[in-house]
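If you want our numbering, it's the 1-based position in the sequence shown plus 3.
Where hints are given, some of them may not hold.
Have a look at the derived ranges for each label pair, beta carbon to beta carbon [what the hints assert, rightly or not]:
(1) 90 / 13: 31 to 39 Å
(2) 28 / 84: 16 to 24 Å
(3) 11 / 89: 32 to 40 Å
(4) 111 / 45: 16 to 24 Å
(5) 111 / 17: 17 to 25 Å
(6) 32 / 68: 14 to 22 Å
(7) 35 / 108: 27 to 35 Å
(8) 83 / 106: 30 to 38 Å
(9) 36 / 102: 15 to 23 Å
Calculated lysine to aspartate or glutamate pairs in the DMTMM-like style (CA-CA distance at most 25 Å, straight line) [to be verified]:
(10) 57 / 91
(11) 57 / 36
(12) 57 / 35
(13) 57 / 69
(14) 57 / 20
(15) 57 / 83
Rather than coming from a laboratory, the hints here were simulated on the basis of the structure. Quick reminder that beta carbons are idealized off the backbone N, C-alpha and C, glycines included.
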Amino acid sequence: MNMAGIDAWVRVCAIDEIPVLGARVLQCGEGDDIALFRPAADRVFALADRCPHKGGPLSQGIVSGDSVTCPLHGWNIALDSGQACAPDVGCARRYTVELRNGFVWLSLVSMAQVDTSAAEAAVA
Numbered sequence: 004m005n006m007a008g009i010d011a012w013v014r015v016c017a018i019d020e021i022p023v024l025g026a027r028v029l030q031c032g033e034g035d036d037i038a039l040f041r042p043a044a045d046r047v048f049a050l051a052d053r054c055p056h057k058g059g060p061l062s063q064g065i066v067s068g069d070s071v072t073c074p075l076h077g078w079n080i081a082l083d084s085g086q087a088c089a090p091d092v093g094c095a096r097r098y099t100v101e102l103r104n105g106f107v108w109l110s111l112v113s114m115a116q117v118d119t120s121a122a123e124a125a126v127a
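Throw the hints in and build the complete structure from the sequences for me.
Rendered as structure tokens:
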């Protein structure tokens, strides 16, 4: 299956609209909101704004290095994978983002969907 055929890219904001070491929330209406994290001047990650532990708002957590600490119970979530850092176990849904000419572009297809589609294509 051609992943480009199902990808939907949306320009969401200028990079400067996300504070360095901070986050911005994209409200999605139905389903989980998406949190954009900016751990460094030229890097952005996107995760569902929901901790895999108890659903805490990751966007309100503290960004340090390449992780965010959930404000509810202190779980650390890796920004690049969405995985909880050991000893905790769980995963927040992640989304592909790109920086293009100072703007953040977001793929509305979660990486979980891409991973599943790729696995199905490999079996076929």
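These are the hints, each one checked on the structure:
1. 90 / 13: 31 to 39 Å: At roughly 36 Å between Cβ atoms, residue 13 and residue 90 fall inside 31 to 39 Å, so the hint holds.
2. 28 / 84: 16 to 24 Å: holds (20 Å)
3. 11 / 89: 32 to 40 Å: Holds, at about 34 Å.
4. 111 / 45: 16 to 24 Å: Holds, at about 23 Å.
5. 111 / 17: 17 to 25 Å: holds (19 Å)
6. 32 / 68: 14 to 22 Å: violated (32 Å)
7. 35 / 108: 27 to 35 Å: About 19 Å separates the Cβ atoms of residue 35 and residue 108, which means 27 to 35 Å is violated.
8. 83 / 106: 30 to 38 Å: Distance hint for residue 83, residue 106 is violated at roughly 21 Å.
9. 36 / 102: 15 to 23 Å: Since the Cβ atoms of residue 36 and residue 102 sit about 21 Å apart, the hinted range of 15 to 23 Å holds.
10. 57 / 91: holds (12 Å)
11. 57 / 36: Status holds; Cα separation ~15 Å.
12. 57 / 35: holds (14 Å)
13. 57 / 69: holds (21 Å)
14. 57 / 20: Since the Cα atoms of residue 57 and residue 20 sit roughly 28 Å apart, the hinted pair is violated (cutoff 25 Å).
15. 57 / 83: holds (20 Å)
Going through the hint list in order, the structure does not satisfy hints 6, 7, 8 and 14.
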